[in-house]
Amino acid sequence: MNDARTFAPEAAPRDRRSGLAVWLRRLEGPQTMGRGSLFWLAAGLALLAAAAYPQFSDDYTVGNAAYFLVWTFMAMGLGVVWGYGGALSFGQTAFFGLAGYAYGVLTINVGAAYGFTWLALILSVALGGAFALLIGYFMFFGRIRGVFIGIVTLSVTLVLETFMAQTAGPQWRIGEARLNGFNGMSGMPPLTLPWPGGDLVLYPGAQLYYALLAMVALCYLGLRMLLNAPFGNVLVAIRENPERAEMLGYDVRVYQMLAFGLGGALAGLSGALYTAWGQYITPSSMGLTSAALPIVWVAVGGRRDITATLLGTLLVLTAFQQLTIYGSQYALVAMGALLLFTVLLAPDGVVYTAMERLGRLGRPGRRAGR
Amino acid sequence: MELAATLFSTAYQFGDAFAFLVISCAGLAVIFGMMGVINLAHGEFIMCGAYVTAATARAGLPLPLAILCGALVAGLVGMALERAVIRHLYHRPLDSIIATWGVSLIATQGVLIVLGSTMQGVGTPLGGVAVGDRSYSLYRLVLMGAAVALLAGLYWLFYRTRFGVVARATIERPQMARALGVDTRRVYGLTFGLGAALAGLAGGLYAPTMTMVPTMGATFMVESFVTVVVGGADIFVGAAPAAAILAAIRAGLTAWYGQLFGQIGLLVAVIVVIRILPGGLSAFIKRARR
Amino acid sequence: MKTNRKALLTSAALAAAAGLGAATALAQDGPIRIGVLEDQSGDFAAATMVKVHAIELAAKEINDAGGIAGRPVELVVYDTQSDNRRYQEFMRRVLQQDKVDVVFAGFSSASREAYRPIVNQFDGLAFYNNQYEGGVCDANMIVTGAVPEQQFSTLIPWMMETYGPKVYTLAADYNFGQISAEWVRQIVAENGGEMVGEEFIPLGVSQFSQTIQNIQATDADFVVTLLVGAAQASYYEQAASADVGLPMASSVNVGQGYEHKRFTPPSLKDMYVTTNYIEEIDTPASKAFVEKFRAMFPDEPYINQEAANSYIAMNLYKQMVERAGSTDHDAIRAELGKGDVCFDGPSGNVCLDPKSQHMSHTIFLAKVEADHSIAFPTVWENIAPYWLGDAGCDLTKNDPSAQYTPSSPPPAN
Amino acid sequence: MTEILRVAGLNKAFGGVTVARDIDFALEAGAMHCLIGPNGAGKSSFFRLLLGEHAPDSGTITFRGEDITRLRPFQRIRRGMSVKFQVPGIFKALSVRQNLEVAFQNHLHGADLAATVERVLDFASLGDEAGTPAGVLSHGQQQWLEIGMAVGVEPQLLLLDEPTAGMSPDETRRTGEMLHALNARGITILAVEHDMAFVEQIAKRVTVLHFGAIFAEGSIAEMIAHEGVQRIYLGAADE
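The listed protein sequences derive, respectively, from chains A, B, C and D.
With the UniProt record's numbering, the residue at position 64 of the first sequence is 64, and numbering never jumps.
With the UniProt record's numbering, the residue at position 235 of the second sequence is 235, and numbering never jumps.
With the UniProt record's numbering, the residue at position 372 of the third sequence is 372, and numbering never jumps.
With the UniProt record's numbering, the residue at position 176 of the fourth sequence is 176, and numbering never jumps.
These are computed hints drawn from the structure, not numbers from a lab.
It is possible that some hints are incorrect.
[Unchecked claim] Among the chain B residues that face chain A by a calculated CB cut under 8 Å, a handful are:
1) Leu68
2) Val85
3) Val222
4) Leu260
5) Ile264
6) Val268
None of these values were measured; they are calculated from a predicted model.
The beta-carbon is built from N, C-alpha and C at its ideal position, and this holds for glycine as well.
Kindly generate the complete structure, drawing on both the sequences and the hints.
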């Protein structure tokens with residue numbers, strides 16, 4: 001019998017580059033828009049501008065910007081699950097809420113000393129991710145697909161909301177922490193950095209803003225690398241044609257479950273940060289309206305590209321808040337109109353379309369050979 | 001006598017839950033089951049039907065006519081919406097979710113701005129009837145009858161009329177239907193309008209029993225979705241048994257453990273059914289029948 | 001843990017002090033800025049639009065009469081869309097950016113709990129002008145709405161005397177409903193009555209057939225309905241059409257959501273509500289208030305107790321600032337601490353209680369007749385918000401910034 | 001020669017429709033074998049059973065000496081099966097190169113991956129199209145791309161479902177050459193095909209399916225001469 005290794009290289013030179021270099025190379029790639037020095041120059045300038053801007057602004061505006069940054073993690077997570085993985089989750093808020101409550105319970109019981117709030121943050125995110133993995137296992141290994149994923153996830157978040165809303169009584173407590181039903185849990189400390197000469201409490205303001213900005217930048221770059229890694233390629237392949245992906249030897253279920261877990265962990269990160277930001281978390285943050293919001297951000301921004309998702313989310317959050325301030329009663333009408341407009345005229349998302357028009361940034365799949 | 005009264009009470013509770021599920025889900029089931037569109041503005045069609053019913057009834061129209069008026073107006077609004085928005089989204093089901101949600105936002109808040117935060121309702125007609133030592137609302141018995149009539153009517157429409165046959169053919173094989181000279185766009189438009197009209201009918205039927213506010217449609221949403229999902233794509237084979245099963249779950253849990261468990265039980269039932277029967281009850285029943 | 005949190009708060013207050021302190025000093029001669037965060041859209045809009053109007057009415061009156069201590073009043077109004085997040089965003093905005101002197105904010109208890117940490121962080125002053133489940137012991141909050149001890153210690157004994165000792169409670173399954181039900185239970189027991197049933201309804205439930213049967217299965221003399229929101233309000237219509245026929249007692253209906261105006265008679269027949277104000281109250285002060293209100297807002301559907309509370313709160317604030325000679329919160333609270341901050345307004349004479357910073361009320365018993373007109377079988381004058389003070393909350397001594405309930409009272413010290 | 005695939009007593013029915021009836025079938029390693037039969041004969045269903053997309057009601061499938069009847073599709077692929085569907089199963093939004101990378105990265109990494117991609121591009125005559133989104137390739141090119149995706153990762157057995165459907169005569173001929181080249185390198189090929197000229201070009205042996213059962217088996221010449229085979233094909237043509 002002949003050697004069946006038909007196309008495999010006989011003596012290809014081994015790739016000697018270090019793992020880090022490989023990962024850095026993946027900052028650019030087919031699954032993400034933007035490549036070349038011009039793009040990175042623009043990105044660097046944007047980061048610089050974001051870093052410098054508290055110097056020219058007031059505390060409120062900076063705190064408000066920090067608040068917007070809080071939500072971007074959930075949006076990027078949904079971008080991965082929906083935009084790249086093709087599974088529309090209507091229940092990211094379930095993981096958001098779970099992690100938010102977990103942060104509250106942990107920090108109320110243990111306190112903020114020795115930087116414990118950060119450990120609590122990590123534990124909460126892990127819990128959100130683990131719960132998402134569990135739900136993901138249940139769904140994807142149960143051959144649930146399409147719109148039914150949306151319905152299952154929505155049901156999960158509504159169950160959590162309905163349950164949490166009735167935990168007002170004193171019997172609903174975990175250690176020191178009262179769940180406090182519909183009125184919500186409060187009294188947890190904000191994120192606190194151990195600092196020589198006294199802990200640094202990250203109230204909404206410049207310090208929290210910088211911490212969040214760093215986290216958003218890291219998370220964004222990390223996702224770019226992951227999406228351009230084999231994992232991202234397979235995820236997109238599954239979105240495009242799950243049957244074919246399976247026939248290439250991929251366990252589609254595992255990839256989808258992992259993507260869903262990642263999305264859940266990122267939603268959890270937003271949830272824990274939100275709780276730390278406002279020192280407050282309610283069941284209504286897992287309700288129908290809250291559950292729909294991330295979908296709106298991602299849809300309007302653009303789900304097919306992580307950069308569009310990030311920028312779009314910030315844009316939509318700002319626009320909606322401004323509408324509420326200046327549009328009074330008409331704000332919700334304008335939001336609805338914005339959604340309709342997006343879906344009908346810029347189905348790939350407003351930011352995505354704009355970026356594509358901008359052209360110079362290049363687009364996935366247009367490289368000729370390497 | 002005591003036993004008969006208890007039996008009646010149980011049947012009444014079951015029938016009441018069943019009627020609510022069937023009536024509120026019919027419009028959604030037609031639109032989702034036949035067209036594959038998840039219509040998040042379903043609740044707003046219900047609200048539309050309820051508002052029109054209340055307005056016309058208070059203007060002096062007899063209630064049954066007012067309810068038909070509500071259904072008709074909701075249906076016309078639905079056809080207009082289909083033409084303006086939904087038509088462009090048939091090949092993008094996830095986008096149609098977002099678009100209909102946008103419509104729902106506009107409708108809810110628009111009604112609030114134009115008509116105010118609340119509207120006077122119409123009282124529940126017919127009064128009560130005593131069975132044993134308890135009394136029951138006669139109108140709710142009428143609703144149960146309406147639910148059964150609705151199912152029968154839909155069956156007749158889709159299996160015994162020309163429109164129904166053409167609609168089913170179009171939805172199953174659009175290209176083929178087009179090749180046979182069917183104006184498929186018109187069929188889609190009419191089907192969506194029918195779904196909207198059924199939602200309006202639900203609003204009209206329940207208008208006399210509920211508070212009239214712009215957000216009233218939202219209270220129907222969870223139940224309708226749950227029923228449609230558990231039922232699966234075929235509304236006749238699926239929705240009716242789904243409504244029956246869910247009504248039993250809901251009425252049972254509510255009676256034994258209270259409203260909280262009734263509510264949560266419904267949602268858990270959905271998750272479990274989707275997990276065990278991905279195609280819903282209708283796919284399961286069809287397979288078993290073969 | 002507690003001390004730890006306090007320390008955090010102090011350090012934050014210090015951080016914020018520079019900005020805020022300078023602002024108040026500078027603003028001394030400009031207008032007095034009042035933040036208004038109320039739901040003008042979303043689920044609660046029906047009951048809260050009128051609060052904004054009441055504040056606008058009070059502001060106009062104050063400005064026409066020369067302002068507060070000669071300074072005009074300026075309103076900074078935001079629509080919070082019945083969304084807790086908007087409360088968080090806008091409370092931060094009014095305190096940090098608009099630098100208002102005082103905030104009038106919140107309808108639902110959840111919204112209050114959402115913004116309270118922010119008020120505490122910036123050491124702001126907020127008026128919560130809503131009837132609620134009680135128990136907020138927070139120096140930064142002044143509450144003008146009625147609380148359970150004011151509404152139930154009057155209502156329940158009267159109902160038991162009039163209709164009988166057997167009580168069925170139907171309550172919304174969240175904080176307000178559960179805590180109010182707890183009060184009802186306690187007062188029924190104290191008066192030798194019997195709870196024949198208690199049922200909690202999740203928010204958003206609109207179908208009540210089973211509940212109606214549960215009530216009929218008991219031999220209740222009357223039903224305490226503590227239902228909240230548009231969906232749950234469907235109960236009355238459904239109960240009436242099933243001929244339940246029992247009198248109802250409530251602390252939350254009519255006075256807030258004017259259900260008797262919105263529903264078709266006779267679905268609310270024989271409902272008894274303790275409220276501190278509704279527009280039907282037939283006193284000269286009330287009539288004058290309604291007349292002024294309708295002159296400015298002719299289309300106002302209904303002037304409810306929250307509208308009166310908001311109007312009263314504006315006038316109380318004016319009085320305290322003028323007495324203190326400053327908008328400084330400590331100076332204002334010092335005046336409040338004297339215990340004689342009172343106002344004779346549309347609902348009669350009311351006074352602020354220094355210990356809890358809640359308000360005393362004249363409680364009217366409103367009875368809904370078959371044609372949905374209102375009768376007032378009785379009136380209780382000058383009912384104090386006694387529970388928090390008795391339970392151990394004393395804001396003149398310390399500030400726990402917490403919410404207590406009868407089953408989790410302030411820690412004994 | 002060793003046996004690479006054995007199917008024994010395979011049965012499958014959907015409701016009342018039997019798509020596989022007592023199928024016994026074996027394939028020698030290195031063979032180039034065609035499945036023919038009229039529409040609805042169960043050819044595609046047989047493939048789906050082999051791939052594990054459908055679970056059989058009874059019977060066993062043995063691949064390289066291992067019972068794979070209960071394995072999931074991706075597990076069978078990892079054991080050396082590979083498939084090209086009738087409808088091009090490529091990822092239209094990805095470029096040609098990315099399609100190949102996705103296809104191979106399960107097994108290969110870094111420079112190995114790059115080198116293999118280049119070879120397959122060359123083999124499938126797609127070197128000039130590497131950066132083009134696969135969706136805009138011609139029909140024939142899409143088919144070749146998919147064949148490339150199917151063979152890059154050293155499969156033992158390649159399943160082809162109508163590889164030349166919709167191709168021009170010239171494309172069909174080049175496809176045939178491609179398959180011979182693959183077979184010469186040791187890949188066993190099992191193809192479903194309608195085009196009898198093409199079957200003659202590639203197949204040594206042919207199996208005829210009819211109503212889910214094996215109707216006849218033999219060389220291509222035997223099958224063309226077979227009276228029964230002629231009858232079912234003519235019968236099918238009447239429909």
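The hints, checked one at a time:
Evaluation of the Leu68(B) hint against chain A yields a violated restraint, the C-beta minimum of about 29 Å exceeding 8 Å. For Val85(B), the shortest C-beta to C-beta distance to chain A is roughly 7 Å, which falls under 8 Å, so the interface hint holds. Hint status for Val222(B) relative to chain A: holds, with the closest Cβ pair at about 7 Å, below 8 Å. Hint on Leu260(B) holds. Least Cβ distance to chain A is approximately 6 Å, under the 8 Å limit.
Because the smallest distance between the Cβ of Ile264(B) and any Cβ of chain A comes to about 6 Å, under 8 Å, the interface hint for this residue holds. Checking Val268(B) against chain A: minimum C-beta separation of about 7 Å stays under 8 Å; hint holds.
In summary, the structure is inconsistent with hint 1 from the numbered list given earlier, while agreeing with all the others.
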